[in-house]
Amino acid sequence: MNKILQSTELAIACVLLLAMVLIGLVNPAFWGFDNLFSLAKSNVVIGIMALGVLLVMISGGIDVSFPAFAVAALYIVVRAMVALHYDGVFLPFVAAALIGLVLGAFNALIIERFRMIPLIVTLGTASITRGLLLGLLGSSIVNINKMPKELIAFGKHDLVTVEAANGATYGLTAMVLVYLGLGLAMHLMLRHTMIGRSVYAYGTDPEAARRAGFNTRRTIWFVYCTAGMLAGFAGMLHTSMIWQANPRDFQGLELDVIAAVVLGGASIFGGRGSVLGTLIGVFMLVMVKNSLILLKVDTTWQRVVVGLIIVAATAITAWRDRKKLA
Amino acid sequence: MSEYLIELNNIGKRFGGVRALDGVSLAIRPGEIHCLAGENGSGKSTIIKVISGIYTPEEGEIRIDGHPVGRLDPIKAVGHGIQVIYQDFSLFSNLTVAENLALNTYLLEGRRHMDWARAHRMAREVLSRLGVSIDPDAEVGSLATSGRQIVAIARAILAKARLIIMDEPTTALTRHEVDALFAITRDLQAQGIAVLFVSHKMREMLEISERLTVFRNGRKVAEGMMRDFDEAAITRAMTGLELTDEPYRPAPPTAPAVLETRGLGVPGAVEGVDLVLRPGEIVGISGLIGSGRTELARALFGMEPAMRGTILLNGAPVHPRSVQEAIALGIAYVPEDRLTEGLFLPQSIERNLTVSILDRLRRGLFLDRSALRQRTDAMFSAMQIAAPSAETPVGHLSGGNAQRVMLGRWLLTGARVLILNGPTVGVDVGSKATIHRIIRDLALREGLAVLMISDDVPELVTNCNRIHVMHRGRFVAELTGADMSETRINDTLKTLT
Amino acid sequence: MTSQTPTRPLIQRLLGRDAAVAQLIVITLLIFAVMTALNPDKFLRYYNFESISYIMPELGILSIAMMIAMLTGGIDLSVVGIANLAAIVAGLYFRLPAVQEAVAAGATGMVFHTVAAVLIALLVGLAAGAVNGILIARLRIIPILATLGTGQVFAGLALVLTGGPAIVGFPQTWAWIGTGKILGLATPLWVLVVVAVLVAILLARTVLGVNLMLIGTNPRAALFAGIRSGRMILYSYMLTGVLSAIAGVLLSGRTNSAKADFGASYLLQAVLIAVLGGTNPAGGKGRVTGVLLALVALMLLSSGLQIMRMSNFLIDAVWGGFLVIVIAINYLRSQK
Chain S
1 MNKILQSTEL
11 AIACVLLLAM
21 VLIGLVNPAF
31 WGFDNLFSLA
41 KSNVVIGIMA
51 LGVLLVMISG
61 GIDVSFPAFA
71 VAALYIVVRA
81 MVALHYDGVF
91 LPFVAAALIG
101 LVLGAFNALI
111 IERFRMIPLI
121 VTLGTASITR
131 GLLLGLLGSS
141 IVNINKMPKE
151 LIAFGKHDLV
161 TVEAANGATY
171 GLTAMVLVYL
181 GLGLAMHLML
191 RHTMIGRSVY
201 AYGTDPEAAR
211 RAGFNTRRTI
221 WFVYCTAGML
231 AGFAGMLHTS
241 MIWQANPRDF
251 QGLELDVIAA
261 VVLGGASIFG
271 GRGSVLGTLI
281 GVFMLVMVKN
291 SLILLKVDTT
301 WQRVVVGLII
311 VAATAITAWR
321 DRKKLA
Chain Y
1 MSEYLIELNN
11 IGKRFGGVRA
21 LDGVSLAIRP
31 GEIHCLAGEN
41 GSGKSTIIKV
51 ISGIYTPEEG
61 EIRIDGHPVG
71 RLDPIKAVGH
81 GIQVIYQDFS
91 LFSNLTVAEN
101 LALNTYLLEG
111 RRHMDWARAH
121 RMAREVLSRL
131 GVSIDPDAEV
141 GSLATSGRQI
151 VAIARAILAK
161 ARLIIMDEPT
171 TALTRHEVDA
181 LFAITRDLQA
191 QGIAVLFVSH
201 KMREMLEISE
211 RLTVFRNGRK
221 VAEGMMRDFD
231 EAAITRAMTG
241 LELTDEPYRP
251 APPTAPAVLE
261 TRGLGVPGAV
271 EGVDLVLRPG
281 EIVGISGLIG
291 SGRTELARAL
301 FGMEPAMRGT
311 ILLNGAPVHP
321 RSVQEAIALG
331 IAYVPEDRLT
341 EGLFLPQSIE
351 RNLTVSILDR
361 LRRGLFLDRS
371 ALRQRTDAMF
381 SAMQIAAPSA
391 ETPVGHLSGG
401 NAQRVMLGRW
411 LLTGARVLIL
421 NGPTVGVDVG
431 SKATIHRIIR
441 DLALREGLAV
451 LMISDDVPEL
461 VTNCNRIHVM
471 HRGRFVAELT
481 GADMSETRIN
491 DTLKTLT
Chain H
1 MTSQTPTRPL
11 IQRLLGRDAA
21 VAQLIVITLL
31 IFAVMTALNP
41 DKFLRYYNFE
51 SISYIMPELG
61 ILSIAMMIAM
71 LTGGIDLSVV
81 GIANLAAIVA
91 GLYFRLPAVQ
101 EAVAAGATGM
111 VFHTVAAVLI
121 ALLVGLAAGA
131 VNGILIARLR
141 IIPILATLGT
151 GQVFAGLALV
161 LTGGPAIVGF
171 PQTWAWIGTG
181 KILGLATPLW
191 VLVVVAVLVA
201 ILLARTVLGV
211 NLMLIGTNPR
221 AALFAGIRSG
231 RMILYSYMLT
241 GVLSAIAGVL
251 LSGRTNSAKA
261 DFGASYLLQA
271 VLIAVLGGTN
281 PAGGKGRVTG
291 VLLALVALML
301 LSSGLQIMRM
311 SNFLIDAVWG
321 GFLVIVIAIN
331 YLRSQK
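Protein chains in written order, with the UniProt record's numbering: chain S, 1 to 326; chain Y, 1 to 497; chain H, 1 to 336.
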């Protein structure tokens with residue numbers, strides 16, 4: 001498996017490099033620190049969500065509820081902080097992750113208990129979550145004036161700053177470290193723990209996993225709870241990085257994230273996928289979207305491009321999987 | 001210490017109204033090679049599931065090492081050293097050999113950490129103990145069937161098996177691989193591990209086993225040392241019939257060939273096959289899985305677009321490039337696995353019968369319902385399908401009746417050439433005779449040309465005019481008339497490597 | 001022995017021997033009774049049912065389209081994208097100077113160009129469906145991902161074509177499709193009835209319909225039985241595309257405008273109604289009758305809740321909850 005995964009990742013990385021060179025040729029501004037730093041920043045939130053989706057896809061499922069969970073977690077927590085006049089960082093993040101976890105557990109319950117196709121279940125839970133959030137908490141945006149200060153300060157941490165010739169400074173957000181740390185944790189979990197291997201085993205063949213003695217129910221719960229938790233956490237990170245809490249955020253984000261994970265070589269049939277591939281897939285998607293502006297393409301074309309990327313990536317993986325079967 | 005590793009006494013198990021096991025007993029000594037023989041539906045698979053703790057019997061007692069064990073569950077059974085290797089092996093094709101081997105052990109030990117170094121050590125150790133060279137880093141899905149089987153056996157050994165049950169282990173192996181498997185089996189025996197072979201292949205049972213138990217219709221009908229049995233005695237015990245099934249020996253048809261192939265080839269599977277099928281003739285193909293027999297059938301049925309060579313139908317060259325073209329040419333194929341490849345189980349008998357002629361029963365845009373019903377009714381009675389009505393879902397039918405639906409579907413297409421792959425797999429003994437009679441009738445009365453591919457050598461011998469032995473994609477022997485006997489075919493198969 | 005296939009009574013044939021349909025009738029009546037009891041004055045008013053009869057058809061047609069995709073074990077997540085794209089292309093057609101002149105010139109021109117615009121919209125739906133079908137049947141991309149991607153492409157193209165804001169300025173005849181009446185009943189309702197009847201006949205009485213059902217039951221067996229699965233699946237997505245375009249025409253007719261992100265919540269609702277109506281998302285099972293009953297049940301529920309002044313957001317949540325409950329009920333029933 002190692003060899004194949006590595007070759008898949010190598011292929012994606014090559015495509016990525018090629019794309020970077022091409023974009024750089026068209027517009028050298030691509031290689032500027034400001035662009036690269038802002039690219040890195042755009043990776044963080046979508047990347048953390050992608051880690052959750054990766055887990056779900058390896059288990060052979062699909063999840064479209066995580067943007068709803070993320071926005072629920074961030075909005076509930078920020079509204080609660082505002083109402084309670086609480087300011088801080090650690091506790092809010094824990095609370096957001098917990099909210100995500102509870103919502104993920106709801107997915108797990110229905111999927112595991114009622115044996116329903118994950119796509120339809122998560123469509124339902126997403127609709128319930130968004131509906132209740134907007135219906136009960138309202139749809140007003142908590143803007144920068146009302147946002148808890150420490151949360152904003154946390155999101156402003158930079159790793160390095162670079163001063164450009166014109167005197168402007170650009171920083172590389174420290175949140176990149178959080179993202180890469182979570183990626184590493186996920187990689188270690190998937191590769192070196194039995195629960196991680198159970199996800200691959202279940203995604204390859206649920207019946208064989210059961211016979212081998214895996215507690216497959218626990219695997220499903222683990223997968224959807226972790227995905228929910230990551231979504232909640234990513235939501236909170238998002239709010240601290242953009243200094244506002246908007247309950248209508250993340251509409252349609254599930255498509256971008258799923259596209260990134262598929263681009264990263266994960267198979268929707270389960271049993272295949274890696275953290276490294278996903279990180280590259282996320283970077284590729286974010287880069288292409290961001291670079292459309294550099295390439296002087298009208299922003300209205302963004303959705304078309306993302307759609308085409310999904311179609312192309314899935315066509316390639318479908319072709320790869322079919323060749324493997326033959 | 002008891003004489004027996006495991007004893008099952010007077011086990012009874014029911015499913016709804018059906019008695020799957022009726023007071024059967026089975027005893028296995030430590031380190032013995034025991035064979036459990038029986039036709040499909042004899043209760044073989046049920047008893048495996050009882051031993052491995054998946055089913056709880058309603059009656060009877062299970063003793064392990066002389067002590068009654070009460071209710072057995074899968075975890076307990078594994079704890080007692082019982083390991084089952086199913087036909088599909090239950091391996092993870094996406095994972096490496098080393099991981100497949102280590103997972104069970106780690107799970108048994110309740111580990112949380114995946115120790116790759118130890119997994120590799122374990123894999124190398126157990127594979128060398130079995131005397132095979134398989135790369136522990138290879139993905140299991142990339143191995144051949146025999147390799148996967150060895151991984152499954154190695155996994156059982158690592159689980160500290162004292163009894164390994166192998167369900168039809170030789171089905172997909174070449175003769176050479178069967179010999180290797182037997183060598184491994186004797187090795188296991190030398191290490192004190194008992195092996196229970198569950199099989200219906202007599203030749204192999206006689207070769208490897210020390211003791212034999214035969215089941216029929218949920219009962220034990222024979223038991224004893226292997227040396228006290230010969231093939232005829234085992235067959236008698238398995239089928240309950242003297243082999244009085246009159247062999248089908250009509251005068252060799254003289255009519256010109258309806259189907260002929262010249263140098264037929266499928267890349268990587270079939271090479272240079274010359275086949276002649278005359279109306280009224282049943283031609284058998286014997287060969288192992290992987291011998292190219294299925295690919296040959298698929299090529300004739302338009303499913304191998306890369307096919308080379310010539311197919312002549314009534315003397316004219318044809319080249320079926322799709323299933324639809326093959327059907328239009330009057331070629332029909334009943335696949336190996338009826339449940340997954342043949343039938344639409346939740347759908348009605350009518351839909352299953354008429355699926356391949358829907359295009360012909362159209363009036364303008366719409367289906368001609370009265371014509372549909374008329375064809376269905378005619379075939380329903382002609383094939384003597386036992387069901388309340390043609391609206392009954394096929395899933396409710398017995399194996400024999402389901403196979404009749406398959407045959408009926410192709411008769412409705414007006415097929416002139418009928419290719420059967422394993423025509424009586426999973427069919428009970430009574431229905432088997434009826435299906436054979438129907439097939440012979442189709443050949444004799446309707447003048448169909450039948451190509452019968454089967455694992456079941458006696459089936460070929462009793463039903464065919466001629467038999468081709470196929471190996472590595474080629475026809476290696478043709479047997480006719482008096483030459484056609486089980487012994488001859490088995491001897492031929494044995495010489496192949 | 002001969003088979004006995006007596007003609008069953010009409011009512012039984014319409015409803016099928018499906019427990020799901022009986023269950024749906026009970027649910028529908030229950031919702032009706034509860035809503036009547038809760039809002040005795042407002043719920044039973046003619047006006048309420050009339051407004052339902054204008055809103056319901058778009059969603060109903062999308063749900064039928066979703067059911068057709070599900071028959072072969074697929075799904076079409078691009079239906080809303082197709083609907084909007086079709087309506088927008090029709091809207092752009094009316095902006096052509098030549099067309100505008102003709103429409104302004106008189107009734108004949110207006111009717112002629114409305115018919116032409118409808119045909120163009122349907123053609124857009126057909127083409128979009130064909131794209132889905134080719135990706136799924138020929139390139140073998142699994143339907144979820146293929147239609148997820150094309151849904152983005154169609155919605156994106158709609159955005160590119162409009163640049164963002166809604167297209168307005170449809171002629172009166174176009175508005176009539178969404179708001180007019182024929183024989184005292186809403187035009188859209190007539191469209192829904194015609195579509196439902198045609199699809200029901202298609203599924204029961206044509207080679208395509210029977211084949212789709214068989215492919216959904218067992219795709220491998222379909223291959224060995226000589227069904228042209230690829231072609232049939234392609235046709236089914238083309239049909240889904242055309243139905244989506246019809247829904248798009250009704251939607252833009254009713255609102256007299258067309259926009260790239262109209263009706264986003266319809267996607268979930270169409271899936272919900274198809275599943276609630278007894279369609280098996282794994283393929284092989286689905287009935288128009290079931291879908292229509294599920295549609296009526298949910299429309300009654302929504303309108304009842306609206307009368308009770310529940311916010312639209314909460315109604316969305318109720319629909320999602322309904323989906324989960326239906327999944328649970330179906331599971332429990334299958335366990336019996």
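It cannot be assumed that every hint is accurate.
[Unchecked claim] Stretches of chain S that chain Y covers, calculated by requiring three or more beta carbons in the stretch to come under 8 Å of a beta carbon on chain Y:
no., stretch
1, 91-100
2, 182-195
3, 208-214
No lab work stands behind these hints: they were computed from the structure.
Yeah, the Cβ is synthetic: ideal placement off N, Cα and C, and Gly gets one too.
Structure-based check of each hint:
no.	hint	in the structure
1	91-100	violated (count 0)
2	182-195	holds (count 5)
3	208-214	holds (count 6)
Hint 1 from the earlier list is the only one contradicted by this structure; the remaining hints agree with it.
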